[in-house]
Amino acid sequence: MSAAQWRKAMNSGTSIRAGVPASAAARPAQPALVDPYAHSDAPQWLKFLWRRLSARHVFVAAFVLLFPFFATPFVTFQIGAQSLALGLIALSLTFLGGYGGMVSLAQMTVAGIAGYVMAILGTSGTALSLGWPWWVVLPFAFAIAVASAVLIGWLSARTEGIYTIMITLAMGVAFYYLALQNYDIFNGFQGFQRVAPPTVFGVNWRAPLPFYFLVLFWALAGYFLVKHVIRTPFGIALQGIRDNPRRMNALGYSVVTHRVAAHALAGVIAATGGVLMVWYNGLITPGSVSTSWLINILVIAVLGGMKHPIGPFLGAIAFVLLQTFAIDLIDRERFNLLIGGVFLAIVLCSPDGLLGLWSRAKARLGSGQASSPMRSTHPDTNRRRQP
Amino acid sequence: MTKAQRLALWILVGGPIAVFSLWAMVDNTRLYFVTLLNGLTLGSLYFIVASGFTLVFGLMRNVNLAHGSLYLLGGYVGFTVGERTGWWIVAVAAGFAAAALAGLLIQLLILRRMQGQELRQTLVTIGLSIMIADVLIWAYTGQVHQLEAPGPLQGPLRGIPIINAYSAFRLSLLAMGIAIGVGLWLLLNRTRVGMMIRAGVDDRGMLAASGVNVNRVFAITFALGAGLAGLGGVIGAVELSMVPGEDTRLLLASLIVVIVGGMGSVVGAAIGAAILGLAETYGLAYAPTYSVVLTFVILILVLAFRPRGIMGKAA
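These protein sequence lines map, in sequence, to chains A and B. Numbered continuously in my numbering, the first sequence closes out at residue 400. Numbered continuously in my numbering, the second sequence closes out at residue 359.
Hint data in this document are derived by calculation from the structure and do not stem from the laboratory. All C-beta atoms, glycine included, are put in the ideal place defined by N, C-alpha and C. Possibly wrong hints are sitting among the right ones.
[Stated by the list, open to error] Distance windows between CB atoms, simulated:
1. B:M69 x A:L334: 33 to 39 Å
2. B:P288 x A:L334: 24 to 30 Å
3. B:Q198 x A:F202: 53 to 59 Å
4. A:I249 x B:L66: 55 to 61 Å
[What the hints assert, rightly or not] Pulled a few chain B residues facing chain A out of the computed Cβ check, cut under 7 Å:
5. V107
6. L167
7. V168
8. I174
9. M175
10. D178
11. T185
12. H189
13. I300
14. A331
15. V336
16. F340
17. V341
18. P351
Just need the whole structure built from these sequences, with the hints factored in.
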């Protein structure tokens, strides 16, 4: 497939288009207020906060920090922590897909590899585990997961566009079968049970509240990491490669190197999510890296929208809520039908996921002038820019 | 590639295989040849399923990730019809028809609305595969369904040198694979529709410009590709049995076959299917828990040397 065809596909697909991060595009329209710090000699960070923060940021921050104190431990742990950890894994896919133009289905595999390393080298209820202390195991988990992410990236970066999905899916499913069939290392179908987070500083990190804040910390870290990286020269080059690899190649950028580096960075994020997911579940089995989970991560990322790093977290919350409460709506067994239907509806009706719905609703509600981030980067306006 | 490089590649790849074959033949001749036959018959099932996948991909640039689900659908429908009528050939026809109809509906109702948006089409097929798999579990539960082989092909075939006896159905599978391969070749190279499909693979825009109804060609191809998956499903229902999860397995097989063989090429699918079938069965026979690793190594080697697959052409 030629680059032009792929570009066309991505234009109308789920990629984001802005060379400028979406939030930056939205900003200038907002503050009709006068900047009270403009001429004062207030500290830098105060100025920075005043210019960057809006009401919704404060609201969201207050909500995520305070809600565990009102909610039941079940909600904190099952919904709060789980959706943040899943969101972190999906964030790595959003980074790759939204900013790198590479939809990789193997992100759950990378996360699963990190989780497996934690279980194999660290402590678990299985005799196969080596029982090393957690601070030795963690670097290994990250190193091995990132190494596999680089391998996956290197293999898939040599191909274009739609092939990436096929190759990453093939590699992800291959790892699933390896973990399923191999009893010497991966303990086969059983996997590893009782993989618990360590007790550090006298805190039991498995308890709902500490675990929630642990996950929240890393989720925020991942979110701001992605927000930062997309504005660095590397991030801009990556977005250039997403839009037109040939031109970037002609400008002297190494396409494959950038793509592999993006996979490595996404691998770090996915590995973080993977370690947290193992601690959350307390176990890792081949089921954790099965095809349905590979696809669930894609569902989460697409559900939320791939145009902004907040998307995967929104998608994860929707996914976890559906998963938890589907039992009240329909038969527990039919969850896949529901999530498949929701996913299909989202792909058919709103290619930008929940974020797309949100911005469309915002545009509909009269504020035609306010530049919604999605509108300025709408595919149609972009197609005209194509040569 | 220069002549020396090609020779080096042959030695590098062929050498270990030849050494292994020699060792295995001396070690246990019967096991070696039974595994060879197992590999080829499994490969021919893979070929039947993957040829549909590669056909659709070649023409429409659409990775139909619901292909495995269509396989499962064909298998279950074939099972039901086979149980009711007792005619295996009717079951095959029913499986083919059911999957082809499902494929036609997917193409007409959904994929046509988003022509040229390959990524979105792929995502849609993922959603569909989740739903089809779940509906099938709903209808057929998670139990194992196995269709009986047709009368004349039941039981083993005796009196073959070295291996003594071998399942007649599996052996006939080899013939079926070859028949379908030849049939596809004739269809693609000797008929008008085949000509249009080949032209579409090379240049869709030009085909449309020369007055061919591309939408109809797309619909026919998609139905044919889906039907081949369903046909494979009925065969698989006899050979492998039907359980939820087989869809993933066959989807993975199809993916690897077309990645290794080259996308959009039926000959490539045949080569890829033979390689995958052999690698899987030899892996299972000689290194049971690492057979997937062998497949994966092949995938890596092919991608490293030929990123577009063995028969793949540069886009």
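We went through each hint and held it up to the structure:
1. B:M69 x A:L334: 33 to 39 Å: Because 60 Å falls outside the window, the suggested range is violated.
2. B:P288 x A:L334: 24 to 30 Å: Holds, at about 26 Å.
3. B:Q198 x A:F202: 53 to 59 Å: Check failed, 33 Å falls outside 53 to 59 Å.
4. A:I249 x B:L66: 55 to 61 Å: holds (56 Å)
5. V107: holds (6 Å)
6. L167: holds (5 Å)
7. V168: holds (5 Å)
8. I174: Because about 3 Å separates I174 (chain B) from the closest Cβ in chain A, which is inside the 7 Å limit, the hint holds.
9. M175: holds (4 Å)
10. D178: With a closest approach of 4 Å, the D178 (chain B) hint holds.
11. T185: violated (10 Å)
12. H189: Hint on H189 (chain B): violated, closest Cβ of chain A at ~18 Å, above 7 Å.
13. I300: holds (5 Å)
14. A331: violated (11 Å)
15. V336: Holds, about 4 Å.
16. F340: holds (5 Å)
17. V341: violated (10 Å)
18. P351: For P351 (chain B), the interface hint holds, since the closest Cβ of chain A sits about 5 Å away, which is under 7 Å.
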